[in-house]
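Q: Chain residues, written in single-letter form:
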Amino acid sequence: MHAVRFARSFGLGTLLSALLALVALALPAAAQSEAPLLPDFIALYPAGKLVPGAEAYGPMRDDIPVVPLLKGSETIGYAFMNSDLVGAIGYSSRPIHILAAVSPDAVVLGAAMLQQSEPLLQSGKRATTVKQLVASYAGRDLKPEAVPGGTGKDRPYVSGVSVSVRVIEDSIIRAGLKVAFTLGLGGLEMPARPPGTFATVNPEAEAPATWQALLDAGLLRQLRLTNAQLNQDFAAPGQPPNAAKFPARGAADELFIDLYASDISVPGIAAQLLRGVERTDLFAMVEAGGAAIVVAARGDYSWRGSNYRYDGLFDRIALVQGDKTIRFNSRDQMSIYRLAVPDTPILTEISLLAIPAFAEFDPTQPWRLELLVERRMGAIERTYLTYGVDFALPANFITPAVMTVAQYEQAAERAAVVAMRNSVWQNKSVELAGLAVMLAVLTAAFFFQSYLTRSAGLTFWFRIGYLGTTLAFLGWYSNAQLSIVNLMALASSLQSGFDWETFLMDPMAFILWFSVAAALIFWGRGAYCGWLCPFGAMQELTNRLAKALHIPQWTLPWGLHERLWAVKYIIFLGLFGATLTSLDTAIRYAEVEPFRTAITLKFARAWPYTLYLSVLLFIGLFVERFFCRYLCPLGAALAIPARIRMFDWIKRYRECGSPCQICSNECMVQSIHPTGEINPNECLSCLHCQVQYQSKSVCPVVIKQVKRREKVAQGVHAVEHVIERTHHANHPHAVKVAE
Amino acid sequence: MPALNRRRFLTISAAAGAVGAGAFAGRALQAAPLYRWDGVALGAGASITLAHPDAERIIGRALAEIARLEAVFSLYRKDSALTVLNANGSLANPPFELLECLALCGTIHSASGGLFDPTVQPLWRLYAESFAKGAAPLPEAVAAARALVGWGDVRIGADRIAFARPGMGLTLNGVAQGFIADRVAALLTAEGLTDVLVDTGEMRALGGHPDGGAWPVALDVEGTILPDAVSLREMALASSAPRGTTFDDAGLQGHILNPATGAPSDLPWRLVSVTAPSAALADALSSAFCLMPREAIVATLSAFPSARLVYLG
Ligand code: SF4
Ligand code: SF4
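Keeping their order, the protein sequence lines are chains W and F. Numbered by the numbering used here, the letters in the first sequence go through residues 1 to 739 in order. Numbered by the numbering used here, the letters in the second sequence go through residues 1 to 313 in order.
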């Protein structure tokens, strides 16, 4: 059990975790993985006591156990427990619980030791001194600590309790840094590297099981320096002549230093070099995104030196990678007694050294561990040499990046768009359901139009009801007014790269457009213009009102009417042409449609727009659907493919037009030529002429037919009478034949 | 108005200059085409020439190393270790490279009888600032600045470098370029390269030219090019032109100051070129020699048998 000696405070905790497990039951405290203690402790310690001026704690964050410190509604800092965030096991092998707070600028605002079991700190003068020491962290700026290795600031000295003091210092600073980096305080930020865009360590790769094989595989690198070699290097030109007069102490062929280095945070390597419990400690020490190296050595020269005992910094080693130099602090060190590989040479200084995530160390890139050798020549003269061990992870230990950052960003963008689209569709569920019902009803009405149109009253009120729904629900409530702008956007996207997503962002328009496209094939533009266009509905309903009030209607002379039709096509083509040059200008011209004013903005717009709309509606009182007939570019766009429709749903008699002009006079948009045929580009499928078509009171053809039938029926009646009399019921088929 | 009238004074690598991209690509024995990077290190033109199939990645590593070392030595960067040392008068836990470089400075300081002295920085600043205002510094000001010069008053330790007196300062311009060339060469050696020419203002040749033979280097003596003046193989070359960079527009006040007199060198040297196994050593020696008469140079060189004076004139 004493195979492991811990320089690092919380390492001990894991070693004794079995014991602790029992103790932990009685304590509110334990390891990092358990529920945060912050809520329990802040309940005991008022915010104002921790940081003067603070009034309350806010709710705990989800990502990290931190609560905001509030002054009124303002967040003046962030409070945390050291023991929630980093190891804080003291000399007692139990955590020293310190509640601390940092400012948005990453300066410690206050700290208080709330619970500890340190044997030497239970009472008396020392206990008070350490309490004061903890409180004295208020004002400590964490930003300078955010360099690998830290500032190496002198640790305060309290006699007899150095372990406790070290744990206090280390845990406050490391926990504070963790908070600062996670919350981005004081400009500290974790480097953001999206997953998959950079090479990573392959956690599956296995390392060989012997020391020699590890060396051969390059998983362990060696720097071997004999005294002779060192003496020679210190005699090289450029070194002070004096240096040769102070040779290394040992014999020439003895080892000055035999140093080994490896990346111990690579799972395959850790699996060979460390025992289970050490691995657990290591993984507790290495934070997400961080790493750790092992440095192990024997020989006369200590790579640790002695300075670290005073300021924490190991001043004889540094890790160099790219343009970064990373130095190590004893707070990020865990010393171990023996490496686990059987044929390990006997090494005297073995340490695991953690590299924090913010150091941006990249385990897949080569690095070099530098060793500074100092030679003292008398009392003050010194000279220096550096040696290095180069380390590069073999290719089979590296999982290459699967995509570039640009690709990742594209994918992320896409995912965001899809997520947004999904939420848009969800938010529109009421509108979509309503639209679905409306479309179903309309389809049914069209399919069974001959039944519907048998009753003039039913057809009329059905239509009024439907148009009302279109205007109020589709238009004002759902803003589902199609517009020529949709088509312009489509055209311009075909030029620049079509993307469904842009169109899926407006679910109502998307569904409507699809329905319109389908309806164009079956019925022409009428399904939309006649039934689903909110502005069309508005014009028709206002005109109905005008008719009900006996406002005289004006029928344009056919010749003029026919010529005015062309205007809307010209407008449409103009807009289309404008789109090809600039979509933005074209969209401004598209204000020829009063839809935004009438439907989306419900008249709440600058006066020129409302005036324009009012004029259109006013004319519409006398000339039904004036705008649809002559001006609407969208109507024009839908009219163009009208002739591709597969069926003629609007039925005609031979007599329509010659001589009968009834339908043609009553068509609300004058789409029936005086010659009788219907212009499919203009017909809005209002079904009025279909009512006439079946009307026994209006349509002369039907009236004639009915009369003829009546005559025939009388004739049949007479014949039946005769048959009945002669055959009784012996030949029932005869009746049918006669019929 | 520029404080310094910087002239082209450094050596020119004739061979490297002739190398166009792929100029040697067709050679049968050439595994990889010769690759040359040109850029800037410590404010001077720099280049690296090598032949390797993965040249771009390797150059990338070398450039990162140059950037890392600039963060130690550059006087133009506000956050470099040297700038911080000069500003604060002390530096805790100094970078290893600074310690190593200062150890060399100490050696050359004693070998040159104190003529090579990185603590001339206060003097240098005084000259640069005075001439920037258009006039030579006043004798009293020079005397005051000279009082701040003193290599013996720099305390060097792995835990701390500190000046004994406030106002002191260090410049490593006479040695850092060479030091960086050595470090880049070490990195390239670790990458397994054998034939490379690193030029960071001073040159360090690893092996010879990939086409065979040594790296031919030309010297530039105040504008006169001496082609193929030096052949470099596994050797470093450093040149100093005392009047190559001058404080005054007339080109009379050279940039290498004598710590003993506080004045620019009064010797007639236009170019001093030295070869040595390390570029840092060659660089420091060539800087020191600018302030020495020929006999003193020869005497100093006897302590450095591996170094050679290849041009003095
Ligand atoms: S012509 Fe235009 S305004 Fe009229 S119904 Fe059709 S789309 Fe609507
Ligand atoms: S009356 Fe007939 S022709 Fe005229 S719009 Fe209605 S359905 Fe079309």
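Incorrect hints may have been included.
To be verified - Here are the computed lysine-lysine pairs in the BS3-like style, where the Cα-Cα straight-line distance is at most 25 Å:
hint, chain 1, residue 1, chain 2, residue 2
1, W, Lys49, W, Lys71
2, W, Lys49, W, Lys131
3, W, Lys324, F, Lys78
4, W, Lys143, W, Lys125
5, F, Lys78, W, Lys143
6, W, Lys143, W, Lys71
Since the hints were made in silico from the structure, they are not lab data.
Q: For each hint, tell me whether it holds in the structure or not.
A: Right, here's what the structure says about each hint:
Between W/Lys49 and W/Lys71, the direct Cα distance comes to roughly 13 Å. Compliance with the 25 Å bound is thereby established for this hinted pair. Among the hinted pairs, W/Lys49 with W/Lys131 is consistent with the structure: their alpha-carbon atoms are about 14 Å apart, no more than 25 Å. Straight-line distance between C-alpha atoms of W/Lys324 and F/Lys78 comes to about 17 Å, which keeps the hinted pair within the 25 Å bound. For a cut-off of 25 Å, the pair hint linking W/Lys143 to W/Lys125 is broken: about 32 Å separates their Cα positions.
Pair hint F/Lys78 plus W/Lys143 holds up; C-alpha atoms about 18 Å apart against a cutoff of 25 Å. With a C-alpha separation of about 24 Å, the suggested pair W/Lys143 and W/Lys71 falls inside the 25 Å cut-off, and the hint holds.
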